[in-house]
Amino acid sequence: MKDTKSSDTFSGKIRVPGADDPKNALEVFKIQYENFKSLKKINRVPKQTEVLVIGGGIIGSFIAYWIKQQSPSLNVTVIEKDSNYSKSSTFWSLGGFRQQFSLPENIKMSLFGAEFMQNSHELLKCEKNYKVDLQFNHDGYLFLASTKTADQLYHNHRIQLAHKARVQLLNKEELKQKFKWINPEGIELASFGYQNEGWVDARKFLLAVRNKANFLGAEYVNGEVISFENDANDQLLLDQSVKTIKTALVDTLDGKLVPIKFQTVVNAAGPWAGEISKLASESLGSVKSQMSDLPVEPRKRYIFMFYAENGPILNVPLTIDQSGVFFRRQGLSNYYFCGLNQSPDKEPKDLDLEKIDFEYFEKEIKPVLIHRVPAFKDLKLINAWAGYYDYNTLDQNLIIGKHPIQRNFIFANGSSGHGLQHSAAIGRAVSELIIHDSYQTIDLKRFGFERVLRNQPLKEIDVV
Amino acid sequence: MRLTRILFMTKSVRDELLEMQKAKQKSKSISEFLVWLYKEKNLSLIHAFRTYNETRINESIDSVNKFFEGDLNKLGPDLHAATYTLKLGGKCRLFGSPRWLSLDSKNLEDVLPVQSSQNFQVEGLDLSKTVIKANGISNIERCLNLKTLRLRDCIYNDDWLLSRVSHSFSNTLENLDISNCPNVTDNGLLTLGYLK
Numbered sequence: 000m001k002d003t004k005s006s007d008t009f010s011g012k013i014r015v016p017g018a019d020d021p022k023n024a025l026e027v028f029k030i031q032y033e034n035f036k037s038l039k040k041i042n043r044v045p046k047q048t049e050v051l052v053i054g055g056g057i058i059g060s061f062i063a064y065w066i067k068q069q070s071p072s073l074n075v076t077v078i079e080k081d082s083n084y085s086k087s088s089t090f091w092s093l094g095g096f097r098q099q100f101s102l103p104e105n106i107k108m109s110l111f112g113a114e115f116m117q118n119s120h121e122l123l124k125c126e127k128n129y130k131v132d133l134q135f136n137h138d139g140y141l142f143l144a145s146t147k148t149a150d151q152l153y154h155n156h157r158i159q160l161a162h163k164a165r166v167q168l169l170n171k172e173e174l175k176q177k178f179k180w181i182n183p184e185g186i187e188l189a190s191f192g193y194q195n196e197g198w199v200d201a202r203k204f205l206l207a208v209r210n211k212a213n214f215l216g217a218e219y220v221n222g223e224v225i226s227f228e229n230d231a232n233d234q235l236l237l238d239q240s241v242k243t244i245k246t247a248l249v250d251t252l253d254g255k256l257v258p259i260k261f262q263t264v265v266n267a268a269g270p271w272a273g274e275i276s277k278l279a280s281e282s283l284g285s286v287k288s289q290m291s292d293l294p295v296e297p298r299k300r301y302i303f304m305f306y307a308e309n310g311p312i313l314n315v316p317l318t319i320d321q322s323g324v325f326f327r328r329q330g331l332s333n334y335y336f337c338g339l340n341q342s343p344d345k346e347p348k349d350l351d352l353e354k355i356d357f358e359y360f361e362k363e364i365k366p367v368l369i370h371r372v373p374a375f376k377d378l379k380l381i382n383a384w385a386g387y388y389d390y391n392t393l394d395q396n397l398i399i400g401k402h403p404i405q406r407n408f409i410f411a412n413g414s415s416g417h418g419l420q421h422s423a424a425i426g427r428a429v430s431e432l433i434i435h436d437s438y439q440t441i442d443l444k445r446f447g448f449e450r451v452l453r454n455q456p457l458k459e460i461d462v463v
Numbered sequence: 000m001r002l003t004r005i006l007f008m009t010k011s012v013r014d015e016l017l018e019m020q021k022a023k024q025k026s027k028s029i030s031e032f033l034v035w036l037y038k039e040k041n042l043s044l045i046h047a048f049r050t051y052n053e054t055r056i057n058e059s060i061d062s063v064n065k066f067f068e069g070d071l072n073k074l075g076p077d078l079h080a081a082t083y084t085l086k087l088g089g090k091c092r093l094f095g096s097p098r099w100l101s102l103d104s105k106n107l108e109d110v111l112p113v114q115s116s117q118n119f120q121v122e123g124l125d126l127s128k129t130v131i132k133a134n135g136i137s138n139i140e141r142c143l144n145l146k147t148l149r150l151r152d153c154i155y156n157d158d159w160l161l162s163r164v165s166h167s168f169s170n171t172l173e174n175l176d177i178s179n180c181p182n183v184t185d186n187g188l189l190t191l192g193y194l195k
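Chains as they are written, first to last, in numbering that gives the first Met the number 0: chain A, 0 to 463; chain U, 0 to 195.
Worth double-checking, as some hints may not be accurate.
[Unchecked claim] Derived SDA-like pairs: lysine to any residue, alpha-carbon spacing no greater than 20 Å straight-line:
| hint | chain 1 | residue 1 | chain 2 | residue 2 |
| --- | --- | --- | --- | --- |
| 1 | A | 175 | U | 192 |
| 2 | A | 130 | U | 181 |
| 3 | U | 132 | A | 111 |
| 4 | A | 171 | A | 187 |
| 5 | A | 179 | U | 170 |
| 6 | U | 146 | U | 99 |
| 7 | A | 86 | A | 347 |
| 8 | A | 124 | U | 48 |
| 9 | A | 130 | U | 50 |
| 10 | A | 124 | U | 51 |
| 11 | U | 195 | A | 312 |
| 12 | U | 195 | A | 173 |
| 13 | A | 260 | A | 216 |
| 14 | U | 128 | U | 87 |
| 15 | A | 458 | A | 442 |
| 16 | A | 163 | U | 166 |
| 17 | U | 132 | A | 134 |
| 18 | A | 163 | U | 68 |
| 19 | A | 179 | U | 191 |
| 20 | A | 80 | A | 213 |
| 21 | A | 163 | U | 133 |
| 22 | A | 260 | A | 250 |
| 23 | U | 90 | U | 149 |
| 24 | A | 354 | A | 344 |
| 25 | A | 277 | A | 296 |
| 26 | U | 132 | A | 132 |
| 27 | A | 124 | U | 47 |
| 28 | U | 132 | A | 114 |
| 29 | A | 203 | A | 122 |
| 30 | A | 130 | U | 183 |
| 31 | U | 65 | U | 167 |
| 32 | A | 46 | A | 253 |
| 33 | A | 127 | A | 83 |
| 34 | A | 179 | U | 194 |
| 35 | U | 65 | U | 86 |
| 36 | U | 86 | U | 108 |
| 37 | U | 65 | A | 116 |
If you're looking for bench data, these hints aren't it; they were derived computationally from the structure.
If we strip away everything but chain A, and leave its shape as in the complex, we get (with noise of 0.2 Å):
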């Protein structure tokens, strides 16, 4: 037994031997008679491992994934701590694929995702997955623009089309023309993406992908990260010795607790990605150069469903309104959702997602939305949810790469609101890290922690 504080402050739950702890043959002998004898159902949770994702969402799956693919000799194991993932915020995603973004790694990781979805019937097969078919919807986006904004959106469609991005400009005309039930009041321009974006039930997909993930061999563990254990280094950094995180203990919800020792360590838990840097840094004691916070947090988003009769639903995209209310068709039978993020300054400050706030809804996207489409005049509002967003409070975008001092800790956290569809480069990022240690396919070197500690942020204009 190593650290007595843990089992002080965890009373009531026993500490499982690690890989490390010295065991006799005749322990050993003892454990396996025990299990032998009671003949339960024993979930085995690997005790080492060399590459450990901590949160089994679409990021965590998708690196387990792409690992498993490109090298399966090594040991992945991921670990989740709901597996009726009733607050992560994939399950709860409108699941959109755009193009239209400022960066230009961002344009480039959602064209690899399209990419994936083209193939995805064949990449994702395998026995529990015997007919992929995600239902991608090829809608697209449609963004509002004013006079004060018509400028950026020009810009920006510069770059898009820089990078081979199918996006269209259309006037206030044309616009009529395409879509015959938007009213076009107060609109300079509109920017359409007409190919490889549109949206996905983001349930199915992140289902399809654990399920491939465990069939190439990824280990799924039900359980919670409580805190890390720490080595001393083997080489001396500036003649001082250099602490590196080695063992993460674990509790299974069974009354267990259960320390996994790694090689690599990914941080892919979503919202709460905050929470275990801090757990990370905490283990490392007091030296401040080791490890400093990471700017992710969960804040609370609502998403309204409503039934309108004569509402349209031949040709219409995702429209994005200038004030920045959003809302798409869902199915053909007239149902639509619809939402708006808000400022800074109006956000929830409670994180429960069962009390939602109709006022909202009342207040500022209803007449929004009669005003832009005037046959929702007969709006009926049917049903309401609320998830998280993991954001990132520094620029809002994705934060991805080694710890410069912790070279075996990866962050992969802050994609506010777009990780889903950015979901599949940043795991193809992370797993070439781990195994090429550099990368490959999109160069993401701007998106490094480092503009973290040197508080220079990376800002997308525009970001729904």
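Dock chain U against chain A, hints included.
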């Protein structure tokens, strides 16, 4: 020195030396070699044998469905589209004539002109029973006045292909035939709303 060299040239001595070298190395059995292939090189021979034909076919199909930019620059959009369809095994119909041209054991030069001219316009393309995929449609997208398009019995016909067709020929297309394509779903049919 010379004697050793002469001796080394004789076969029996060389074989004995090679055997001595091999004995020093680790002797790998066939099963260990296969395991090493699977783990390090990510190649499983049984899987490769079973899917050898499939991979060859898929690779050849992908090599055909590329965007041939050089040919497009040489020949112009209409002529490039016509030659591409004839090479794949389809037919094409030119502006002003009701005949469908095809390549049945003829040379390309007999059927179509080698250089583009102003009067050359393609009105219809028949791509039925070919292996066209979404990437290959980029060779055909730039036709100016395409009126009929037949994609009957195409196995690799996808929602992605349909969305490309509907957005690039939105103004001019009059007849579209997508019968008997098993991979088309209702999401693809919804994209046809952009055709006039």
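Hints versus structure:
Only pairs whose Cα atoms come within 20 Å are accepted, and residue 175 (chain A) paired with residue 192 (chain U) is accepted, the gap being roughly 15 Å. Taking the CA atoms of residue 130 (chain A) and residue 181 (chain U), the gap is near 13 Å; set against the 20 Å cutoff, the hint holds. The hinted pair formed by residue 132 (chain U) and residue 111 (chain A) meets the criterion: a straight-line CA distance of about 18 Å does not exceed 20 Å. Note on residue 171 (chain A) and residue 187 (chain A): the hinted pairing holds, with a Cα-Cα distance of about 6 Å set against a maximum of 20 Å.
Under the criterion of a C-alpha separation no larger than 20 Å, the hint pairing residue 179 (chain A) with residue 170 (chain U) is consistent with the structure, at around 16 Å. Pair hint residue 146 (chain U) plus residue 99 (chain U) holds up; C-alpha atoms about 14 Å apart against a cutoff of 20 Å. Among the hinted pairs, residue 86 (chain A) with residue 347 (chain A) is consistent with the structure: their alpha-carbon atoms are about 17 Å apart, no more than 20 Å. The hinted pair formed by residue 124 (chain A) and residue 48 (chain U) meets the criterion: a straight-line CA distance of about 19 Å does not exceed 20 Å.
A hinted pair counts as satisfied when its Cα atoms are at most 20 Å apart, and residue 130 (chain A) with residue 50 (chain U) qualifies at roughly 19 Å. Restraint check: the Cα-Cα separation between residue 124 (chain A) and residue 51 (chain U) comes to about 18 Å, which is no more than 20 Å; the hinted pair holds. Of the pairs offered as hints, the one joining residue 195 (chain U) and residue 312 (chain A) holds, with about 16 Å between alpha carbons and a cut-off of 20 Å not exceeded. Proposed proximity of residue 195 (chain U) and residue 173 (chain A) is supported: the alpha carbons are some 14 Å apart, at most 20 Å.
For the suggested pair residue 260 (chain A) and residue 216 (chain A), the alpha carbons sit about 18 Å apart, so the restraint of at most 20 Å is met. About 10 Å separates the Cα atoms of residue 128 (chain U) and residue 87 (chain U), which keeps this hinted pair within 20 Å; it holds. Annotation: proposed proximity of residue 458 (chain A) to residue 442 (chain A) holds, straight-line Cα distance about 17 Å (limit 20 Å). The straight-line distance between the Cα atoms of residue 163 (chain A) and residue 166 (chain U) is roughly 16 Å, inside the 20 Å bound, and the hint therefore holds.
A hinted pair counts as satisfied when its Cα atoms are at most 20 Å apart, and residue 132 (chain U) with residue 134 (chain A) qualifies at roughly 18 Å. With a CA separation close to 14 Å, the supplied pair residue 163 (chain A) and residue 68 (chain U) stays within the 20 Å bound. For a cut-off of 20 Å, the pair hint linking residue 179 (chain A) to residue 191 (chain U) stands: about 16 Å separates their Cα positions. Between residue 80 (chain A) and residue 213 (chain A), the direct Cα distance comes to roughly 17 Å. Compliance with the 20 Å bound is thereby established for this hinted pair.
Between the alpha carbons of residue 163 (chain A) and residue 133 (chain U) the distance comes to roughly 16 Å, so the proposed pair stays at or under 20 Å and holds. A C-alpha spacing of about 14 Å is found between residue 260 (chain A) and residue 250 (chain A), which places the hinted pair at or below 20 Å, so the restraint holds. With a CA separation close to 10 Å, the supplied pair residue 90 (chain U) and residue 149 (chain U) stays within the 20 Å bound. Straight-line distance between C-alpha atoms of residue 354 (chain A) and residue 344 (chain A) comes to about 19 Å, which keeps the hinted pair within the 20 Å bound.
With a CA separation close to 12 Å, the supplied pair residue 277 (chain A) and residue 296 (chain A) stays within the 20 Å bound. Taking the CA atoms of residue 132 (chain U) and residue 132 (chain A), the gap is about 18 Å. The hint holds against a cut of 20 Å. Proximity of residue 124 (chain A) to residue 47 (chain U) is assessed by CA-CA distance (about 17 Å); at most 20 Å being required, the pair is judged to hold. As the CA atoms of residue 132 (chain U) and residue 114 (chain A) are separated by approximately 13 Å, the hinted pair is consistent with the 20 Å bound.
Straight-line distance between C-alpha atoms of residue 203 (chain A) and residue 122 (chain A) comes to about 15 Å, which keeps the hinted pair within the 20 Å bound. Between residue 130 (chain A) and residue 183 (chain U) the CA atoms are separated by roughly 14 Å; this keeps the pair inside 20 Å, and the hint holds. Between residue 65 (chain U) and residue 167 (chain U) the CA atoms are separated by roughly 17 Å; this keeps the pair inside 20 Å, and the hint holds. Among the hinted pairs, residue 46 (chain A) with residue 253 (chain A) is consistent with the structure: their alpha-carbon atoms are about 16 Å apart, no more than 20 Å.
With a C-alpha separation of about 18 Å, the suggested pair residue 127 (chain A) and residue 83 (chain A) falls inside the 20 Å cut-off, and the hint holds. Straight-line distance between C-alpha atoms of residue 179 (chain A) and residue 194 (chain U) comes to about 14 Å, which keeps the hinted pair within the 20 Å bound. With a C-alpha separation of about 13 Å, the suggested pairing of residue 65 (chain U) with residue 86 (chain U) holds against the 20 Å cut-off. Between residue 86 (chain U) and residue 108 (chain U) the alpha-carbon distance is near 12 Å, which keeps this suggested pair within the 20 Å criterion.
Proposed proximity of residue 65 (chain U) and residue 116 (chain A) is supported: the alpha carbons are some 18 Å apart, at most 20 Å.
Hint violations for this structure: none, all hints satisfied.
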